[in-house]
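S.K.: Chain order of the listed sequences is G and C.
Under numbering that gives the first Met the number 0, think of the first position of the first sequence as 0, with each following residue one higher.
Under numbering that gives the first Met the number 0, think of the first position of the second sequence as 0, with each following residue one higher.
Where hints are given, some of them may not hold.
Every beta carbon over 10 Å from chain C, so not counted as near; a handful from chain G, in silico [unchecked claim]: (1) V103; (2) V150; (3) A169; (4) D398; (5) L404; (6) T406; (7) T423.
Residues from chain G shown here face chain C by an in silico Cβ test under 10 Å; the list is partial [said to hold, decoys possible]: (8) Q402; (9) G412; (10) S416; (11) R442; (12) R446; (13) P450; (14) T451.
No lab work stands behind these hints: they were computed from the structure.
Fair warning: this is a prediction, and the values are worked out from it, not measured in the lab.
Here a beta-carbon is modelled for each residue, glycine too, at the ideal position from N, C-alpha and C.
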Amino acid sequence: MTSADPAAATQPMRDVLRDPVLVAPLVVAAGLGVGALGIHAHISETRIATDMGLAWALAAAALVTLGRPRRRRATWLLAAAAFALLGADLEWADTHAWWTLGLVFEQLWIAVLAVLLLALPEGRRSSPVTPWAIAGAFAVTLAGQVAGALVEPDVRDLLSVAPHAGAAHAIDRAQEFAGAAVALVVLVLLLQRLRELRGAARRSQGPPLAGAAVALTVGGVWLGLVIASDGSRPRVETIARAIVVLLPIGVVVGILWSRLRQPEASELVVELQAQNPATMGERLAGALGDPTLEIAYRLADGQYVDASGRAVELPRDPGRAVTAITAGGKEVAVLVHDPALLDEPALVESVRATAALVLEIERLAAEVRSQLAEVRASRERIVSAADAERRRIERNLHDGAQQRLVTLSVALGLEASRVDSAATTDVLSRAQNEVEQAITELRDLARGIHPTLLRDEGLQIAVEALARRASIPVTVNGAVHGRLPDSIELAAYFVVSEALTNVTKHASPTEASVTLVRESGVLRVTVTDDGVGGARIANGSGLAGLRDRLDALDATLVIDSRPTQGTTVRAELPCE
Amino acid sequence: MLIVDDHKPFRAVARELLEGAGYIVTGEAGDAAEALAAIAAEAPDVVLLDVQLPDQDGFAVATAVTASQGPAVVLISSREADAYGRRVVSCGACGFIPKSKLSAATFAAALE
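Just need the whole structure built from these sequences, with the hints factored in.
M.R.: Below, the structure is given as structure tokens:
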């Protein structure tokens, strides 16, 4: 035989002892024991039944909260309250030691329940006053009892070091006043939490908090009566205790209410397939009862985006919870939601299973939108880079070839004026004409690549210059004041330039007009002629080439050209 | 007179052309700074001024010169006047000649 590891052997035993299920038989046994004590001590049956009933109800609520990870603390606090309540009834025992123990722990269960109420579900404190209220509850119930026990004149009190009836009474009164004050603060905090609860948290925490608020109010009335009459009111005290049972009942109701939401998750399948104008986020928010729910889709590169494809950061705030949705073993999206939804794991799981496929489709759509935005941005960059290159080429042509040709032309003219031979003069003049022709062609080429006037003076002046250079009368209507982004001006200029070139080449018009209007963040450019019509944007034409430039700016280009009706070219360019 | 152009071969041809027509060329400048210094030093009656200069454009120089009651300015450019819009008129120059059209006759006409 090999020797077993003692630590390993004791581990299962330790786990068993820590299992909260043990609470049930222990509380039942303790309740029965205390009941027997009460009967033996001739305590009122109503009071015995109230304490046993309340302790068992607290234990039952502890059992119901089992298996809910965020309620582990609640489970233990409910069980602790049950034992503390029964512990107080040890005062009914004959033995002085038990009696003293009962005296000290007489009110501890109230402080334990205060912790449970103020720190539900996972120790989240909603107010800076909360820790003080909890400390106050323990000071009144535990420290107050210990102080009272030190001066208690009752002979059964083993802790009594200086028995003094007056002092004991004074401590009782102080406890009553302080207790009433703490109860009031706790009630205000409870009502505040109740008011702030939303969605899933309201379903699971609303009932216990509401039950506790009622019990606290009744308890407060009892304390008020005690303070006012300076004496015990056993009947009211029993009623106040009995009403505390609303708290464990509320815990159970809250959990049942949360579970009742589950059928709605299965209805989500129908909902998701319907042609519903609501967004996926709104539908899931409705199904889970959490209006704050948001969806973030995970892209292939690990980034998260919203439905429109915009990048989003996942929250690190403990006030928000993040639940991953997987499809085919791959994370497709995350739900960002109220942490209270974690109290309803079955509901979330059901929605997760139902929505995974649809979310995968939505994710693909979001990914496409994100890529589309990237493509659009990159197309804009390409157009701007091309424009910068055009500007550079125009400048090089002007500073280089054009300068040399101009100098050559002037030199030829000078030389022609000097020579005496008519034949030589003729040759030089013809050479100068050729050079002039080359300069004109080069100038037109440079203007087509990037118009200097547009860069320096803006769209209105540049379009007016285009109109003047046209071989037919062209009127310019409307006006564009101020400057627009370079890319918009250049695109609008090329639309007018290309349209006028086409008109004079193919349409045989008598006149044409250009209209420039800027309104509501849109620049509208219209070029109309009275020519033969029948024009269209043919592949490979100048206007077809312009379409790419306009698409990159989210602009539109439309041609309206019926035979014999003339042609209208319309471009709309967004220019916020 | 003063000839201002950043292209040296053009300045040489223009000088020859204008001197042949009887003008006295007192100096040449390759950029706006040199031009302003030469105008201050030599006080010419006329400046033949290229629009496209490396440091400033000719319109700015023309505006500065004419605003201070300086010499008459004739602008030249390898582009047509149309390429510059209103600036040709508003800068105070008394004339504009496309460079390729520069001759004794066009220069005299611009000065009138």
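S.K.: In terms of Cβ atoms, is chain C entirely out of 10 Å range of G/L404?
M.R.: The assertion about G/L404 is violated, with a minimum of 8 Å to chain C.
S.K.: Under the criterion of a CB-CB separation shorter than 10 Å, is G/R442 in contact with chain C as hinted?
M.R.: 6 Å, holds
S.K.: Next item in the hint list is G/S416. Is there a CB on chain C closer than 10 Å to its CB?
M.R.: 8 Å, holds
S.K.: May I ask you to check that G/D398 keeps its beta-carbon over 10 Å from the closest beta-carbon of chain C?
M.R.: Since the minimum Cβ distance to chain C is about 7 Å, G/D398 lies within 10 Å and the statement is violated.
S.K.: Please check whether G/R446 passes as an interface residue: C-beta within 10 Å of a C-beta belonging to chain C.
M.R.: 7 Å, holds
S.K.: Quick one: work out the minimum CB distance from G/A169 to chain C and report holds if it exceeds 10 Å, violated otherwise.
M.R.: With a cut-off of 10 Å, G/A169 remains clear of chain C, as the shortest Cβ separation is near 96 Å.
S.K.: Against chain C, is G/P450 within 10 Å by beta-carbon distance?
M.R.: 8 Å, holds
S.K.: Could you let me know if the closest chain C CB is still more than 10 Å away from the CB of G/T406?
M.R.: 4 Å, violated
S.K.: Can we keep the G/T451 interface hint, with Cβ of chain C closer than 10 Å?
M.R.: 5 Å, holds
S.K.: Taking C-beta pairs only, is G/V103 more than 10 Å away from all of chain C?
M.R.: 96 Å, holds
S.K.: Any CB of chain C closer than 10 Å to the CB of G/G412?
M.R.: Hint holds; G/G412 Cβ to chain C Cβ min 6 Å, cut 10 Å.
S.K.: Just want to verify: G/V150 was marked as not at the interface with chain C; is every Cβ pair farther apart than 10 Å?
M.R.: 100 Å, holds
Comparing the model with each numbered hint stated earlier shows that hints 4, 5, 6 do not hold.
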